[in-house]
Amino acid sequence: MRVIVPLQGVVQGRGGLVLGSVIPCAFFYFLQFYLKRNRRDEPVPDPANQSSASSPNNSGSSSPTQSELTGLSRSLSRVILSPRNSGAHVSVSGRANSILKGGDSPYHVGLKRVADDPYDELGNPDGIIELGLAQNKLSSDLVSDQNSIGLSLSGVASYEPSDGLMELKMVVAKLMSAATKNVVCFDPSQLVLTSGAASAMEILSFCLADSGNAFLVPTPCSPGFDLDVKWRNGVEIIHVPCRSSDNFNISVTALDRTFSQAKKRGVRIRGIIISNPSNPMGSLLSRENLYALLDFAREKNIHIISNEIFACSIHGDEEAEFVSIAEIADTEENLDKERVHIVYDLSKDLSFPGLRAGAIYSFNENVLAASRKLTTLSPVSSPSQHLLMSTISKPEFFQTYVKTNRQRLQRIYSEFVKGLKSLGVECTRSNGGLFCWADMRGLISSYSEKGEIELWNKFLNIGKFNVTPGSCCHCIEPGWFRFCFSNLSEKDVLVVMNRIRKVCITCKSQN
Amino acid sequence: LSTNGSNLSSTPEATTIAAAEQFPMRLIVPLRGVIQGRGGLFVGSLIPCCLFYFLQLYLKRRRPPPSDPAELPRTSSRTNLFSRGNSIGRVRVSSRAVPVAKPSDSPYYIGLERVKTDPYDRIKNTDGIIQLGLAESTLCFDLLKRWMSENLMESMMQSDDGEFDISSIAMYKPFEGLLELRVAFADFMSRIMGGNVSFDPSNMVITAGGTPAIEVLAFCLADHGNAFLIPTPYYPGFDRDIKFRTGVELIPVHCRNSDNFTVTVSALEQALNQARKRGCKVSGILFSNPSNPVGNILSRETLQDILRFAQEKNIHVISDEIFAGSVYGDKEFVSMAEIAGSGDFDKSRVHIIYGLSKDLSIPGFRAGVIYSFHEDVVNAAKKLMRFSSVPVPVQRILISLLSDVRFIEEYMRAHRQRIRDKHIRFVEGLKQLGIPCAESGGGLSCWVDMSSLLTSYSEKGELELFEKLLTVAKINATPGTACYCIEPGWFRCCFTALADEDIPVIMERIRQLRESSRS
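The listed protein sequences correspond, in order, to chains L and D. FYI, the working numbering numbers position 182 of the first sequence as 182, with every residue one higher than the one before it. FYI, the working numbering numbers position 241 of the second sequence as 241, with every residue one higher than the one before it.
Chain L on its own, in the form it takes in the complex (with noise of 0.2 angstroms):
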């Protein structure tokens, strides 16, 4: 018996329940250990790791070198600490490695197979058409219009601040107030300029929260939004639902309910961020809306986030009115205006994406400061900020802009909604935005995400266009797509009829 089971001499000898406890501990707490490591693909063995393994009698000795070990073990790149085998292969750093497995999602992947075929109604008719990337192509002829574009050398190769010109911001300022229909009046000195949207909301979600913290981001959601603040801040998004009985408004008590199951588990929330104009739905926040937010915001202490990026692309009728959450911190305190940042793309909202120039607006002195020397990590470079500077500082610019890009995208709404509508596909209520929010559950084989990627592949494969399923928004309702109309022009929303036609027939043949 004392052979078969060494460890009981043990247990029943001096140490009694304290070394029977701990070496089995100790043992376990090494398979853990050793599951771990062998579950990375990370063969080069660890000598010092074994060693201590194997001797394991002075258990009691070795715990705060275990404590060390668990806290390494965790970057993954451990190996580099045993240095004797300098042949080894030398590795990434453990997040950049979860950044490189990232980005499969079927948004990217259906872009990257636009990329590889793209439709041209000359050129390659049978091409993928793009429906899945919020890009306007209606009124970029209005921006860059050859004559207004002008571009000296004067101050476009030497150094400038990283945040922006001041000449700049006060444009955009004046172009954001033209959004609101000059509602309300943006301060140029509470904005930063940075290179693109997405860095503008890296560089808030740095600034507002801590890694570990969490963002409430009511869902349908922009795809994009778990890069900007995951990938290098660590920030986590928790996801609040909304459903489409509720029209996928956001309601506060699901937000409550959110808040208070996240303050449970210990995660400290931070902030909210929202889309208005919503992306992907397009629709617009009411002031209720967002005094309801704000309420809400200031009964937690966190920070809201309005992604305001489509703020000039608005398609609705004379009703709909786009309403700016500064314009609802304009009536508030000055202790209540500091939760609230908006970021904004000006090279979006001005159908130049290819120009990346985004901005963050907050009320937050210590916020713009610190975004101020963050934007040197991603600056926008001075000829792009000429070069916006010189076609749309014109005064009648705005007015122009604002109103020809709100009936161009009118019309190819309402003929792409009408489309859908003739083959018995319903969107919900879309006001702003470059895309609609539709209703594709009679399509689908069976009610579940596994049925709506089938769909999507259908769609890329059979139908040969591309757009985004609600998988990838975040939504909870299995079946919606969003589909961007403006990339298109009248003659395509034809053929993206035809296309749609074709793989319901195939559905429904299946079905």
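Because the hints were derived from the structure by calculation, they are not lab data. Built from N, CA and C at the ideal position, the CB exists for glycine as well. Do not take every clue at face value.
What the simulated footprint calls covered on chain D by chain L, stretch by stretch (three residues with Cβ under 8 angstroms from a Cβ of chain L suffice, anywhere in the stretch; the number is not a length) [to be verified]:
1) 375-387
2) 392-403
Which chain L residues face chain D? A few, computed with CB under 8 angstroms, are given here [stated by the list, open to error]:
3) Asp226
4) Leu227
5) Arg232
6) Arg339
7) Thr376
8) Pro379
9) Ser382
10) Ser384
11) Leu387
12) Met389
13) Ser390
14) Leu494
Let chain L serve as the given structure and place chain D on it in line with the hints.
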């Protein structure tokens, strides 16, 4: 208990009986009954294991979960948790944003800020502060201006079929840079590096300047809390670029005047061992070549030594070669890419940073590049370019600028010649005042030994002199402390934005400062 234990361990039956007799024992150590009972080793191990497992689970749940196993929780914001009570309180920014928002206390940034408030102008503000702290070059602006005025608009509007097509510049393009631009960049880099090395466009990621390039590399090569070894004196901007967001530490490896501030392997070894002793994981070595601020050029042998050392320790090598085209001395510049490509080494650990801000004097364009032999690094960097890519119109301009070979040849020749002339003038001026400079062969700055002007040979004395230069002589030069130089009295002076007639003004101001402090 001890006697019982030794007696009873002979047979399991005896154990049970004895345990039953030891009535108080059973109460105190209830588990023992199980262990000594039928379950024996199995149950006796399983139960503590279960308990231990639940304890771990409990601890894990209590902890705020890290987003990803790879990301360690870094800054604690526990204090904020307690402020929950007063819900009307002021909303707070994250604790990692607080140090970023604070005004910088590095003399480098203080100096730059001060110049902004009162910049020198030859005609309008002759009493202003002269900028010697910013490495920018205006020497060849005439050439650039000529090229831009001839080609700027055309280059941007150009498309493949000659027709102007707005969507070729307005719409989304791959974040890592257009292939044409990467090809042009590769060609340009090998041209300025003497043609000894060729660069592969597929290993290249175009970034919005050298600053994002260094940050992205740091992010990809090291985890939060890891460190890079960095020979001092080094470029003061690295502190911000690397530490602000990535949380990577910089461990200085001190170099001395006696070696002309060249790094030695023994110093690297010593720093590495010390860091490891402290439990700090070193992921790589970062250095600039031609070095900034000293301006010396690393020899082929030194580069080989560094790479060999890195290979032995299995760490990365980041070579910042942003001044590669601004070499004016007799010493030949050797790129780390050439050493890595020689076949004797494992290439995958070598990463190079380059940019056009210094060599082509177009910092406003914010064009930089990461060149890496590690596939994973290239792929991760491509994805991260979502946050700092170069705008497409700018890429179009750069493509035609870099592929205009005749212009580039002419420009590079003039650029080198003019830096050399300016350097000679500046160093000569200082020499007449009896102020020596370190030997240098590249870069836009020189490394000046002002120890003769110090009141006390210490960091304090150096900062006093910096303050005096700024307020009395009205010159902004970066003190060695900002570059983490351990020998006091050294200053970095960037001379390439000066006109020839500015140099006597500077020398006069320094002379007066010396007179006044003597009297």
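To see whether the hints hold, each was checked on the structure:
1. Counting residues of the segment 375-387 of chain D whose beta carbon lies closer than 8 angstroms to any beta carbon of chain L gives 8, which meets the minimum of three for the stated coverage.
2. With 4 residues having a beta carbon nearer than 8 angstroms to a beta carbon of chain L, the segment 392-403 of chain D meets the requirement of three or more and the stated coverage holds.
3. For L:Asp226, the interface hint is violated, since its Cβ never comes within 8 angstroms of a Cβ in chain D; the closest pair sits about 11 angstroms apart.
4. Interface restraint check for L:Leu227: the shortest CB-CB distance to chain D comes to about 7 angstroms, inside 8 angstroms, so the restraint holds.
5. At its closest, the beta carbon of L:Arg232 sits 6 angstroms from a beta carbon of chain D; the interface hint therefore holds under the 8 angstroms criterion.
6. Against a cut-off of 8 angstroms between C-beta atoms, the interface hint on L:Arg339 holds, since the closest Cβ of chain D lies about 4 angstroms away.
7. Checking L:Thr376 against chain D: minimum C-beta separation of about 5 angstroms stays under 8 angstroms; hint holds.
8. A cut of 8 angstroms between beta carbons decides the hint on L:Pro379: the least distance to chain D is about 5 angstroms, and the hint holds.
9. Taking 8 angstroms as the C-beta cut-off, the interface hint given for L:Ser382 holds, the closest approach to chain D being about 4 angstroms.
10. Given the 8 angstroms rule on beta carbons, the hint for L:Ser384 holds: about 5 angstroms separates it from the nearest Cβ of chain D.
11. The interface hint given for L:Leu387 holds, since its Cβ lies 6 angstroms from the closest Cβ of chain D, which is under the 8 angstroms cut-off.
12. Interface hint status for L:Met389: violated, as the beta-carbon distance to the closest one in chain D is roughly 13 angstroms, over 8 angstroms.
13. At a threshold of 8 angstroms, the smallest CB-CB gap from L:Ser390 to chain D is about 11 angstroms, leaving the interface hint violated.
14. At about 21 angstroms, the closest approach between the beta carbon of L:Leu494 and any beta carbon in chain D exceeds 8 angstroms, and the interface hint on this residue is violated.
Of the hints listed earlier, those the structure fails to meet are numbers 3, 12, 13 and 14, in rising order.
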